[in-house]
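Undergrad: Letter by letter, the chains look like this.
There are 4 protein chains.
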Amino acid sequence: MAGSSFGRHFRITNWGESHGPAIGTVVDGCPPRMELAEGDIQAELDRRRPGQSAMTTPRSEADKVQILSGVFRGQTTGTPISLLIPSTNTISQDYDEIEHAFRPGHADFTYQAKYGIRNPFGGGRSSARVTAGIVAAGAIAQKFLREQLNVTVTSYVRQLGAVVAAVNPEAIHRAAVESNIVRCPDAAAAERMIALIKESAEKHDSVGGVIECIIRNVPPGLGDPIFDKLDADLAKAMLAINATKGFELGSGFGCAAMHGSEHNDAYEMKGGKVVTKTNHAGGILGGISTGMPIVFRVAFKPTASIAQPQQTVTVKGEATVLETKGRHDPSVLPRAVPVVDAMAAITILDHYLAATGFAGGR
Amino acid sequence: MAGSSFGRHFRITNWGESHGPAIGTVVDGCPPRMELAEGDIQAELDRRRPGQSAMTTPRSEADKVQILSGVFRGQTTGTPISLLIPSTNTISQDYDEIEHAFRPGHADFTYQAKYGIRNPFGGGRSSARVTAGIVAAGAIAQKFLREQLNVTVTSYVRQLGAVVAAVNPEAIHRAAVESNIVRCPDAAAAERMIALIKESAEKHDSVGGVIECIIRNVPPGLGDPIFDKLDADLAKAMLAINATKGFELGSGFGCAAMHGSEHNDAYEMKGGKVVTKTNHAGGILGGISTGMPIVFRVAFKPTASIAQPQQTVTVKGEATVLETKGRHDPSVLPRAVPVVDAMAAITILDHYLAATGFAGGR
Amino acid sequence: MAGSSFGRHFRITNWGESHGPAIGTVVDGCPPRMELAEGDIQAELDRRRPGQSAMTTPRSEADKVQILSGVFRGQTTGTPISLLIPSTNTISQDYDEIEHAFRPGHADFTYQAKYGIRNPFGGGRSSARVTAGIVAAGAIAQKFLREQLNVTVTSYVRQLGAVVAAVNPEAIHRAAVESNIVRCPDAAAAERMIALIKESAEKHDSVGGVIECIIRNVPPGLGDPIFDKLDADLAKAMLAINATKGFELGSGFGCAAMHGSEHNDAYEMKGGKVVTKTNHAGGILGGISTGMPIVFRVAFKPTASIAQPQQTVTVKGEATVLETKGRHDPSVLPRAVPVVDAMAAITILDHYLAATGFAGGR
Amino acid sequence: MAGSSFGRHFRITNWGESHGPAIGTVVDGCPPRMELAEGDIQAELDRRRPGQSAMTTPRSEADKVQILSGVFRGQTTGTPISLLIPSTNTISQDYDEIEHAFRPGHADFTYQAKYGIRNPFGGGRSSARVTAGIVAAGAIAQKFLREQLNVTVTSYVRQLGAVVAAVNPEAIHRAAVESNIVRCPDAAAAERMIALIKESAEKHDSVGGVIECIIRNVPPGLGDPIFDKLDADLAKAMLAINATKGFELGSGFGCAAMHGSEHNDAYEMKGGKVVTKTNHAGGILGGISTGMPIVFRVAFKPTASIAQPQQTVTVKGEATVLETKGRHDPSVLPRAVPVVDAMAAITILDHYLAATGFAGGR
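Chains as they are written, first to last, in this note's numbering: chain A, 94 to 455; chain B, 94 to 455; chain C, 94 to 455; chain D, 94 to 455.
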């Protein structure tokens with residue numbers, strides 16, 4: 094319970110630091126008899142890989158995943174799947190300075206305060222590099238959901254800085270998300286986002302944004318009141334991702350200015366199923382899925398690493414000015430999209446297995 | 094792991110339904126040798142109690158708490174504290190209609206979908222009445238935090254409908270919050286909020302809002318990366334509260350439009366401690382407390398129960414029109430304030446005990 | 094995670110002290126739509142009740158259970174079932190002496206060492222009285238197993254002092270166990286056990302023993318390797334019962350002197366099912382049920398409370414002689430039988446729900 | 094919660110199969126700022142390594158451990174430690190036959206029943222090879238306990254077949270255990286055990302036994318009543334080890350024939366500490382450590398793999414005769430000693446961290 098595991102039924106345990114020899118995740122509780130090959134996972138990892146476009150850090154990592162256990166003759170066996178991703182491009186000389194001072198906006202100070210020690214190379218354990226292991230585990234969850242339940246998880250960049258995309262979340266699909274390097278299916282907005290990132294990079298600055306996620310075909314009835322509500326677990330999953338500052342479901346913070354008479358989603362029958370005419374709920378009521386699409390948004394702060402001089406203090410408590418070096422994304426949003434997909438899929442599958450048992454009802 | 098427990102170290106297990114003979118919470122993991130009497134808990138319960146003002150449901154419940162275990166001669170013993178709150182005013186005849194149809198915006202349909210059965214009286218398990226047990230447990234957590242660590246948790250109504258209070262969160266205190274019946278320390282805004290609630294009630298409608306919470310004097314170093322981050326657990330805690338739709342920390346969704354150069358909080362020394370000049374982080378970096386005030390906001394939807402005819406379907410799948418009766422608050426916000434306080438305190442204490450051991454380092 | 098909860102899916106949270114106003118257990122994760130009334134639980138409680146025969150403590154408690162939540166119109170709703178058992182016969186004046194000195198064989202010293210405080214009345218939290226709450230929860234588990242799966246749990250007193258019953262575990266049934274006041278289905282041995290208890294009581298002494306438990310019709314495939322093996326969880330469940338000193342499954346400690354050629358249970362087909370010719374495994378292999386009867390034994394130490402002067406030390410560290418007063422069973426075995434039944438049933442159901450999901454596959 | 098994790102605070106997650114490319118364990122919750130190198134772990138692994146003596150399987154594995162994360166400049170950082178042990182000697186051709194039939198005494202049938210699939214090579218996940226990862230994790234726990242608390246864990250072979258060693262558990266030390274290849278500090282008994290193993294091997298048979306473990310210098314006060322008692326967790330830990338059939342603490346099953354007047358351990362003062370004159374309790378009362386040595390015994394069945402024809406059935410349900418090939422130990426006891434040490438140390442450290450917090454009170 095020391096923080097590096099997530100999920101009760103589909104349970105992932107993540108390990109690794111930015112500049113260690115490898116990072117990885119152990120997946121315990123994957124249903125047996127599901128076809129699984131490294132290629133299934135690699136596809137998702139490639140979406141998160143550094144160096145994939147001009148928008149991302151120049152650090153180049155192949156991020157090739159190895160499956161070390163839990164698969165026999167191409168099928169999962171129900172036993173833990175150990176996923177290992179070797180790190181190859183780990184230049185540690187850039188980090189001498191930050192070993193002795195706390196980077197603003199980073200977790201240097203808090204790790205030092207908690208543990209009395211920290212691995213400073215590339216941010217060590219607090220680096221977003223550890224999300225590669227999450228994406229790998231999430232690829233397995235997404236595959237199961239898609240193949241067994243036709244559940245699809247689709248995230249995209251809805252907002253970058255002041256640029257807000259005009260997107261109907263119910264109509265987006267993965268191909269549209271992947272059609273440009275900022276992962277925004279609104280082509281015009283994507284252009285402006287790319288321009289904004291370039292501009293920020295030139296100014297040695299960074300920019301925040303919002304990712305929206307839509308999950309379709311979730312069966313009604315998933316979620317465990319009172320405290321393990323499906324939306325509560327999604328909120329936790331999202332706030333566990335590096336650089337996130339907020340989560341909202343359905344109407345979200347916009348609900349504050351609404352009246353009950355407009356917010357309540359009226360029920361009706363459609364194709365023999367109970368559905369709602371609107372979806373302000375965002376697909377979850379009382380912590381349990383309604384069967385309508387689950388829609389939520391996650392706020393990401395601007396990348397903390399910027400190549401500007403910043404005021405800070407040293408480990409010894411002396412004032413200093415620090416200029417973060419290293420290799421960084423001017424905005425984490427495009428590469429965070431597959432991380433949101435991963436954590437969302439893991440959360441949904443976890444609750445699905447709570448309902449069906451460890452083998453996923455098969 | 095069936096959903097009714099929260100916390101790993103200070104662990105609460107909540108039970109009860111709206112119209113049952115009683116509701117309650119078992120607190121396991123309360124540090125020993127802390128003075129505790131029923132009056133300590135009652136004070137917080139009275140803040141949540143129905144019928145406390147014109148703003149709330151006319152259901153009248155004394156909500157008198159009983160401590161059934163875990164306290165010996167006025168001191169906690171480290172063993173489970175069983176808290177019981179008898180229900181007295183349970184009129185079940187109002188609920189015949191909703192037994193057969195699903196109320197829009199409520200969890201009737203989702204409980205039915207999940208369990209194949211539900212207790213319809215007053216919403217059964219999905220009723221906000223169960224938060225009384227949470228408030229009782231939270232009173233214990235708040236007392237420990239206040240007495241041992243000088244940590245204070247102060248929530249207030251920041252927004253109600255379109256009315257947004259002008260409040261400096263760093264300056265608010267509990268007495269100001271309690272100075273009016275909507276629990277908004279901005280007196281002028283409070284007036285308008287009261288008017289808005291009255292107006293909504295007259296229109297048989299309801300209104301949403303935002304509660305802000307500030308937690309002071311949290312020591313740096315609390316939180317367990319990667320997945321049990323302090324903010325991730327706070328997000329989960331808040332989304333577990335009835336009627337919530339969003340959570341944001343520090344800059345929150347506002348961070349999307351900010352640049353790293355403005356968002357990063359510069360470090361400096363103050364009184365021998367590392368502090369930040371600004372607090373966009375909201376007191377948490379990398380999932381670990383910084384020592385700065387923890388500031389977050391929670392969105393609450395408008396009360397789903399409104400005395401208007403609404404379109405819905407019956408349990409048998411037939412279209413119908415339902416007019417919710419029963420006794421309801423036009424806005425849940427004023428009475429949700431102590432619930433936010435409770436869940437926040439439980440989360441902070443839980444992480445504090447992770448750092449210090451079960452006895453709280455005493 | 095502070096120790097008072099057991100089970101991951103069918104999860105019980107136990108609270109209360111010997112001389113408090115009540116004791117109880119919250120059951121979270123009981124499958125919905127199961128018929129349940131207080132009488133179903135009372136039957137098991139009556140088997141554990143003090144004062145039921147000349148063999149047990151003269152303390153008289155009706156131990157009438159109340160269901161406070163989780164049941165609607167006679168059916169479980171899938172939400173927490175709060176079970177409350179008021180205590181009526183709590184004479185606290187007997188305990189002045191033991192407040193100041195540690196009773197040998199009891200947990201007085203260890204509770205003091207751990208918590209720095211303890212409730213001394215009747216042993217407080219360490220009293221076997223708290224097992225009443227366990228028996229109540231176990232009654233629910235037994236009912237589900239019996240009705241849905243035809244799984245029966247049958248424990249009996251196999252050994253008391255040097256008296257060992259001649260019983261074929263595969264043939265025993267509950268009625269035979271209940272046919273005498275020591276709960277030993279071997280009538281001749283039961284006579285000697287009764288005589289031994291009387292003799293011990295006259296000598297102001299106590300006596301230990303062994304309870305054997307057999308669980309029939311458990312489907313093959315339950316148990317979670319590596320660490321949540323079914324036998325590992327049964328071992329934990331049994332060692333969690335007061336006064337137990339050992340657990341063994343199938344051949345148990347006797348396996349040490351056996352050869353593999355005799356110990357291995359040969360497989361064969363019977364009625365279309367894979368069965369074993371012998372059952373040295375005790376119904377579990379590799380931590381997973383085989384489908385054969387699960388057979389295990391639990392060692393209970395002689396009651397620590399004896400009305401003899403015993404050497405000990407005071408809370409202040411001074412040597413003293415203590416003569417335990419209060420009301421005690423000369424042997425805990427007869428009343429421990431329903432506790433073993435309860436913990437066994439809870440453990441089996443917990444693993445069954447891991448396999449089938451929260452609703453038990455219904 | 095799918096079975097491959099153990100511990101709540103010092104939490105290990107184990108993965109791997111007998112003939113996969115590697116096995117390993119992730120340790121989450123190791124206190125920070127402890128010196129740790131691969132050599133510290135290798136020493137324990139070498140004690141478990143196959144091929145170390147004539148008593149063990151001829152399978153030759155170097156079992157060289159790699160630390161992939163969680164250590165910076167020779168010190169633990171408080172973040173997960175990923176331990177990887179590559180497998181080199183994996184001959185899969187021996188296992189064609191057992192893919193189609195269930196080996197008696199092995200988990201082939203139960204894994205098939207649970208998962209509907211299994212990796213048959215070398216027993217796959219149910220192989221004792223996975224305990225290498227446990228031993229590696231346990232080496233870390235033992236190092237912390239020894240260095241910070243002077244707590245030592247010492248297991249040895251007390252019984253092999255009918256040969257019972259005459260050993261005073263309170264006097265044994267690690268060097269005496271390691272003085273011969275059966276790990277029995279009674280030299281004369283060790284001779285007879287070696288002879289018995291040779292004789293069993295010649296007869297293509299195997300032999301069971303009992304390992305005793307003594308843990309010294311555990312501080313009083315560790316353990317979480319009611320269900321996470323220290324002895325309950327030790328029992329679970331031991332039954333989680335392959336081939337175990339029983340656990341007993343202190344007087345163990347022998348307590349059945351004892352009277353309270355002889356079993357109760359009288360308290361006295363010694364060196365300013367509360368101690369007991371005898372230790373029938375085995376160092377734990379009411380689930381909490383007394384400060385006296387913790388003493389327990391674990392029963393191991395004879396190795397299921399024997400090179401004799403055995404009756405069984407095929408996966409298709411046809412009777413057949415199977416003669417297990419592969420490479421096996423005639424008795425698992427000598428190599429199980431470090432596994433018992435490991436699980437014991439992990440359990441003790443886990444409870445120690447519950448008392449002191451994640452950093453071990455440093």
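Simulated from the structure, these hints should not be mistaken for laboratory data. Hints are supplied without guarantee of correctness; some may be wrong.
Which copy is meant is left open, because identical chains are indistinguishable; a pair holds if it fits in one copy or across any two.
20 Å max Cα-Cα, derived DMTMM-like pairs, lysine to aspartate or glutamate [stated by the list, open to error]:
{"#": "1", "residue 1": "Lys-409", "residue 2": "Glu-271"}
{"#": "2", "residue 1": "Lys-409", "residue 2": "Glu-284"}
{"#": "3", "residue 1": "Lys-370", "residue 2": "Glu-416"}
{"#": "4", "residue 1": "Lys-157", "residue 2": "Asp-139"}
Undergrad: I want to check one pair: Lys-370 and Glu-416. Are their C-alpha atoms no more than 20 Å apart within a copy, between two copies, both, or neither?
TA: For Lys-370 and Glu-416, the Cα distance is within 20 Å only across copies (18 Å; inside one copy 53 Å).
Undergrad: Within, between, both or neither: how does the pair Lys-409, Glu-284 come out at a Cα-Cα threshold of 20 Å?
TA: neither (45 Å within a copy, 50 Å between copies)
Undergrad: How would you label the pair Lys-157, Asp-139 (within, between, both, or neither) given a Cα cut-off of 20 Å?
TA: within (9 Å within a copy, 32 Å between copies)
Undergrad: Tell me, please, which holds for Lys-409 and Glu-271 at an alpha-carbon limit of 20 Å: within, between, both or neither?
TA: The answer is neither: 46 Å in one copy and 43 Å across copies each exceed 20 Å.
Going through the hint list in order, the structure does not satisfy hints 1, 2.
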